[in-house]
Amino acid sequence: MAGHSAVGWVDIVVIVGYLLTTGYLGWLGYRGTRTAADFLVGGRSAHPLIMAVSYGATFISTAAIVGFGGVAGMFGMSLLWLTFLNIGVGILLAFTVLGEPTRRLGHHLGAHTFPELLGARYQSKAIQVLAGLLIFIFMPLYAAAVMTGGAVFAATEFGVDFEVALLVFALITAAYVIPGGLKAVMYTDTFQGIVMIVAMIYLLWFTYASLGGVSEAHQYLTGMADLVPGPLQAMGHQGWTAMPKFGWGAPSYDLWWTVITAIILGVGIGVLAQPQLVVRFMTVRSRRELDRAVPIGAVFILLMTGTPFAVGSLSNAWFAQHGPILKGQVVKEIDPAKSHALVGLMKESSPGHWEPVINPKTKQPAMAPMVVSGHETVQDAQGAPLDLVSGRAPSVVYAKGEVDQIIPAFITTALPRWFGLVFFLCLLAAAMSTLSSQFHTIGTAAGRDLYERITGRHGSEPSVLVMRIAIMLGLLMSVTISYNVREEYVIARFTAIFFGLCAATFLPAFVAGLYSRRVTRVGALASMVVGLGVSLFWLLLVKSKEAAAIGLVQQVTGGKTSILIDYPNWPMVDPVVVALPLALLTLILVSAFTKPADAGHLDRCFSRTPDL
Amino acid sequence: MLGIPDPMVLAAFLGCIAVAAISVIYGLVRRNAAVDEVTREDRAWAIEEKKVEDEL
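Protein chains in written order, with my numbering: chain A, 737 to 1348; chain B, 23 to 78.
Treat the hints loosely; a few may be bogus.
Think about it this way: if two alpha-carbon atoms lie no more than 25 Å apart in a straight line, the pair counts; the simulated DSS-like pairs of lysine-lysine are [as the list claims (entries may be wrong)]:
(1) A:K1331 / A:K981
(2) A:K1063 / A:K981
(3) A:K1097 / A:K1296
(4) B:K73 / A:K861
(5) A:K1136 / A:K1074
(6) B:K72 / A:K861
Computed footprint of chain A on chain B, listed as stretches where at least three residues anywhere in the stretch have a Cβ under 8 Å from a Cβ of chain A [what the hints assert, rightly or not]:
(7) 32-45
(8) 51-57
(9) 66-73
Don't read these hints as lab results, they were simulated from the structure. This structure is a prediction, so every number in the text was calculated from the model and none was measured. For glycine and all other residues, C-beta sits at the position ideal for the given N, C-alpha and C.
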């Protein structure tokens, strides 16, 4: 899709105004109570709105909105199960079951980072270093997903190259996070969260209103099931309002395993062990504050993920009704009653003469399922008469199969220009609030968890220098990854990889550490090693998309994209499904045969009556 | 119902709204149920946290 025209002066004024407002709020925060820690030091309570929206703004990024919204545009509304888990697990379960024990344990042990929490709980330097290393190496992958999401939209919205948009986005990020954005000024996060809320409410209302209402919109989308592109149907896509075909042992079930294991379970469960989110619980002053944040957090996540997933799916209906007219020659009638047909797309080579459009990837004539709305007789390139049809197609066609383009294409084509700018600010807000916490986590992982633990020097100047260098390195790594990797639904995949790795490596040891006195240091370390090892093995050699992109598996197997490529569905299964149960099993078995920590340490960890 | 014939997708659509509603009810019911006290330990932790942030 062509983007809007180049950046105008109004755009620049609005964006600069937004950045100045963010900066002003940050400056105001610096003068007074600014972070959650400040509230706690002062013995004051942050408003639940501030706590919840600040947490939500850190949780939700451009990856969820552009990346996963685009995946919903491709695979359909089954992705709403991820929204269900985001709320049910990421908010309700996390706040009510894990929040208070995490807060209490962190304060009892004086832990300030997630690796430090694990290390202190299990009295293990190795655990802290391993966790810090994983975060330092892999967090840039997630940050790259967030940056790609913002840059893809900016490129489409302002009609500039992706590389230019990425560079500008990286510069804005650096300008935001390096001088002070890392301090997670809660008012700034809240302002960003409110921008996101306003944009999502309008987007949701516009989409349903332009399709005639909620039921009408869904009904129309249901009627488009036969317009699902052939390659997706072959994977088990049954329409945008239907679950993918479920089963095992045939390629026609691949989509179910991709959507459920990688997209929904990996991210839905992985949120529980996200280092930058876990530390937020420690900054809360009490259980009451956590309880009060649950309602706002839940509604925020409903809007932030439910909206893009619903809108991404419905964009197919909008383009089929209102999208730009495409022209071509009918190759096959799909449903004559609905004027659905598979059309070979054509372009006008000279006035009155038409020739096929060639797909640059396949070098074959481009085909698209379409709702045909008109016929005319023209001539082909050789001058022979040709029945040229015109019509509209689902959004996946306009995005040329590039999932990450679906949301940007919808916003720039369907919505008014002013909203494109508001949406850009929404994405900027989503990206900045997440990126600042990501780079904060990368910095502290390198400084506190790696440098200080390995050298034994605590709170020293060099440690701060290491943190700053790590943040710069993390930023450079993220930009490099974003610049070089532009494959299908890369935003969602990078996010899913990081969330899955965190779940498999940290979740059993983290949750058991909060609740069990019996789990041992050796058990926790073994569980983390197994979770990480199995995940990496699966990513390198089994999960075909990731393994093929990394390239090791081709060398091992002589060109195959998975060591299990001959066994259908296995190459689609996400590592988390295998690695997490194995990590849990390891934790239980090894803990059963090893000695728990001494009673004094456990009493300190699980004490409910701290010194008042 | 609601134009979504697949019961699993409909369950996801309604489930999102339901779990958000449960969360709202939970927050309202538990609004003042838990204790709200800041201990010396909490304050000491926050002072150290502030130091980390300021250094960075």
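Okay, the hints, checked on the actual structure:
1. With a CA separation close to 47 Å, the supplied pair K1331 of chain A and K981 of chain A exceeds the 25 Å bound.
2. Between the alpha carbons of K1063 of chain A and K981 of chain A the distance comes to roughly 32 Å, so the proposed pair goes past 25 Å and is violated.
3. Proximity of K1097 of chain A to K1296 of chain A is assessed by CA-CA distance (about 20 Å); at most 25 Å being required, the pair is judged to hold.
4. Note on K73 of chain B and K861 of chain A: the hinted pairing holds, with a Cα-Cα distance of about 22 Å set against a maximum of 25 Å.
5. With a C-alpha separation of about 23 Å, the suggested pairing of K1136 of chain A with K1074 of chain A holds against the 25 Å cut-off.
6. Proximity of K72 of chain B to K861 of chain A is assessed by CA-CA distance (about 24 Å); at most 25 Å being required, the pair is judged to hold.
7. Coverage of a stretch by a chain is defined here by at least three residues with a beta carbon nearer than 8 Å to that chain's beta carbons; for the region 32-45 of chain B and chain A the count is 9, and the condition holds.
8. Coverage of the region 51-57 of chain B by chain A holds [criterion: at least 3 residues with CB-CB distance below 8 Å; count 6].
9. For the region 66-73 of chain B, the assignment as covered by chain A holds, since 8 residues bring a beta-carbon within under 8 Å of that chain's beta-carbons and 3 suffice.
In this structure, the hints that do not hold are numbers 1 and 2, in rising order.
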